[in-house]
Amino acid sequence: MLVFRRQRLRTRAVARNAARTGFVVIDRRLPVAVSAKRLLRKAFPDHWSFLLGELALYSFVVLLLTGTWLTLFFDAGTTQSTYRGSYAPLQGLPVSAAYDSTVHISLDVRGGLLIRQLHHWAALIFVAAIAVHMLRIFFTGAFRRPREINWMIGVTLFLVTLLEGFCGYSLPDDLLSGTGLRTANTIVMSIPLVGSYLAFFVWGGPFPGHVLNGRLYILHVLFVPGLLIALITVHLILVFYLKHTQWSAPGRTNRNVVGRPLFPHFVAKSTGLFFLVFGVLAVLAATVQINPVWEYGPYRADQVSTGAQPDWYVGFLEGALRLMPPWETAVAGHTVMWNVLLPAVVLPGVLFLALYGYPLFERFVTGDRGEHHLCDRPRDRPTRTALGAAGIVWYAVLLAAGGNDVTAFSFHLSVNALTWLFRVLVVLGPVLAFVVTKRICLALQSHERRLLTEGQETGEVVQSVYGALEPRHADVAPERLYRFLVRDLPVPEPAPGPDAPARRRLRAALSRWYYGRGVRLPMTPEQRRHVEEALAEPERGTR
Amino acid sequence: MRTESYLFGGVAMFFLITGVGYGLWSGPEPAGTAALAVAFVMSALVSFFFDQTYRRRGSRPEDRKDAEVIERAGPLDFFPARSAYPPVVGAGAALAALGIVFGLWLFLIGFGVLGAGVGGMVFQYARRGE
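Those protein sequence lines, which keep their order, are chains A and B.
Following my numbering, the numbering of the first sequence begins with 30 at its first residue and continues without gaps.
Following my numbering, the numbering of the second sequence begins with 72 at its first residue and continues without gaps.
Hint data in this document are derived by calculation from the structure and do not stem from the laboratory.
All of these numbers come straight from a predicted model, not from anything done at the bench.
From the three backbone atoms N, C-alpha and C, an ideal C-beta is built for every residue, glycine too.
There could be a bad hint or two in this list.
Stated by the list, open to error - The following label-pair restraints were derived from C-beta to C-beta distances:
1. A:K66 with B:G174: 36 to 46 Å
2. A:T436 with B:S154: 25 to 35 Å
3. B:A106 with A:N445: 31 to 41 Å
Claimed, not checked - Far from chain B by the CB rule (all over 12 Å, computed), these chain A residues:
4. P290
5. S334
6. N445
7. V491
8. A497
9. P500
10. E555
Said to hold, decoys possible - Not close to chain B: a few residues of chain A, all C-beta gaps over 12 Å, as computed:
11. G51
12. D75
13. L143
14. T262
15. R281
16. A297
17. R329
18. A359
19. T448
20. G488
21. R501
22. L550
Please model the complete structure; the sequences and the hints are all you need to start from.
In structure tokens:
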């Protein structure tokens with residue numbers, strides 16, 4: 030036994046020595062120690078809502094892995110041949126190389142269907158995770174200084190992801206994706222003046238042409254993923270550099286970051302999350318069928334399948350197209366197609382402009398130049414939250430309108446009545462959502478005020494000597510009290526006189542609309558001082 | 072709790088008698104018979120619960136004719152102050168019922184919402200006082 034022990038000790042010493050030497054050798058050539066010192070102990074605040082971006086990141090990793098595998102078997106060509114694979118119903122049909130290889134991957138390559146479905150499911154979850162992550166940033170105000178640029182990079186990532194998703198969706202050249210490209214062709218053509226030239230340039234002639242599939246393929250597997258990787262890298266570097274936001278809690282202020290160190294806690298948890306994401310996606314891919322192209326058949330320009338639906342993230346454009354009345358104007362022999370231009374070009378343009386510009390807009394309204402590292406609770410910013418809710422409802426109505434035919438079929442309704450219902454809802458729904466959400470936010474604030482003044486109901490009911498039944502109250506727990514009180518409430522700008530410049534009057538009006546309503550919470554002078562300390566800005570030069 | 076138990080016991084008896092009578096004379100007609108049978112089971116359950124509570128806790132001042140209000144004073148019991156789960160259960164049940172009409176997919180969604188609501192209702196205050 031002693032011999033073994035000595036041997037074990039010796040092995041351990043050798044290993045330790047080797048590790049030390051190896052570290053020195055590498056550290057003399059690469060900035061290992063310097064970066065490890067700065068990176069490994071980086072603190073990451075803990076909250077479930079901070080993991081949404083990671084869900085997107087890990088779906089993207091799965092996309093890269095499965096996508097690489099798919100390129101081994103996929104052929105993006107449009108060369109026509111006769112189908113001779115193992116799927117009997119397609120036997121003898123003329124198919125393109127892209128469609129042929131997709132069906133081949135699905136039905137003849139071992140594990141091919143699983144990987145293809147994994148790729149498609151990961152893409153859907155990727156976009157969804159980005160959207161939810163973006164909503165988290167929006168509702169907690171994590172886009173404020175110093176994170177405006179990272180917000181814009183995030184919006185760009187979202188935009189590029191939509192493009193990437195649409196390219197991938199179009200690649201198999203089946204009846205459904207061909208219909209999608211047909212729609213895309215019309216959208217490009219609807220751009221005034223340059224539309225037809227642009228469409229001829231992209232498709233290399235009239236629709237469908239023979240060049241687009243190859244172009245989409247190289248975009249989908251090289252350029253856009255490269256752009257995504259580059260943007261994600263910058264996005265993450267900025268998260269590191271600017272530090273993560275955190276929720277206010279005792280000891281967590283606007284000037285510090287409290288959380289688990291990157292190594293080992295955060296790395297271990299995050300790796301676990303990666304495997305969870307991979308696992309859930311694999312279960313979905315293995316059990317839930319997605320995009321069965323062999324059932325749709327190869328694309329033919331003269332055919333459209335019923336119930337044709339794009340992937341969910343393009344659904345809002347589809348819905349907008351379906352809701353738009355058939356307006357056209359003829360100017361000097363040219364037709365301006367408002368029915369396509371407005372919903373499919375102007376509307377997404379306005380949406381993304383609003384997303385890009387919102388941090389600047391709110392900065393203008395607030396007149397606030399300070400740094401913010403504490404997350405806002407949505408209820409403490411009623412107008413911003415209500416605007417977000419209105420946006421969500423608007424998007425949801427458009428998304429639902431994109432499936433109006435399927436909904437009408439499933440619920441035995443008239444598709445025309447449904448379209449009119451959606452036309453009304455797309456205008457009234459957001460307004461209603463705004464009003465209701467703002468009310469709810471203010472109600473939640475006054476509920477907190479009641480909790481602070483009257484205490485919290487414990488659920489214990491007591492009967493008094495007179496027979497009255499009353500709930501028992503207890504003081505709010507210190508952590509909750511802290512969360513209630515530490516909130517960053519901008520002061521509404523007082524109305525300037527009528528002689529003030531229009532810009533200032535506009536800002537004052539917007540500022541009062543944003544911050545005019547709010548519920549004050551009772552605070553002792555000591556609590557007030559404490560809150561001011563927690564919200565104080567980080568000092569300059571102490572990064 | 073004995074009085075309450077008798078009260079709901081009477082209701083249960085009513086539904087039992089009408090249910091058996093309805094079942095026999097209607098042929099039996101399934102919908103009405105099932106409704107009456109379920110009404111019987113539900114009122115019998117309430118009656119049984121009151122009876123059990125009486126056995127466990129004995130009689131209260133309310134059960135005596137000569138009791139004073141002051142005798143009942145003191146802590147009564149735990150009643151959740153507020154909960155979002157009952158509406159969730161309601162929405163889930165409504166969706167599941169619509170699912171029976173429109174298709175399995177809607178039923179499954181409704182079932183998921185219903186399950187979440189029931190689970191939330193059961194476990195919301197389960198760790199109270201720990």
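Structure-based check of each hint:
1. A:K66 with B:G174: 36 to 46 Å: violated, 59 Å
2. A:T436 with B:S154: 25 to 35 Å: The hint (25 to 35 Å, Cβ to Cβ) holds, given that T436 of chain A and S154 of chain B are roughly 32 Å apart.
3. B:A106 with A:N445: 31 to 41 Å: holds, 39 Å
4. P290: Non-interface label stands for P290 of chain A: nearest chain B Cβ at 30 Å, farther than 12 Å.
5. S334: holds, 20 Å
6. N445: About 20 Å separates N445 of chain A from the closest Cβ of chain B, which puts it past 12 Å; holds.
7. V491: violated, 5 Å
8. A497: violated, 10 Å
9. P500: violated, 6 Å
10. E555: holds, 30 Å
11. G51: Per Cβ check, G51 of chain A is outside 12 Å of chain B; nearest 50 Å; holds.
12. D75: Answer for D75 of chain A: holds, closest chain B Cβ roughly 21 Å.
13. L143: Answer for L143 of chain A: holds, closest chain B Cβ roughly 23 Å.
14. T262: Per Cβ check, T262 of chain A is outside 12 Å of chain B; nearest 38 Å; holds.
15. R281: Holds: least Cβ distance 26 Å, greater than 12 Å.
16. A297: holds, 27 Å
17. R329: Non-interface label on R329 of chain A holds, nearest chain B Cβ at 30 Å vs cutoff 12 Å.
18. A359: Non-interface label stands for A359 of chain A: nearest chain B Cβ at 44 Å, farther than 12 Å.
19. T448: holds, 20 Å
20. G488: At about 5 Å from chain B, G488 of chain A fails to clear the 12 Å cut-off, so the statement is violated.
21. R501: Not fine: 8 Å to the nearest Cβ puts R501 of chain A too close to chain B.
22. L550: holds, 20 Å
Hints 1, 7, 8, 9, 20, 21, counting from the list given before, are not met by this structure.
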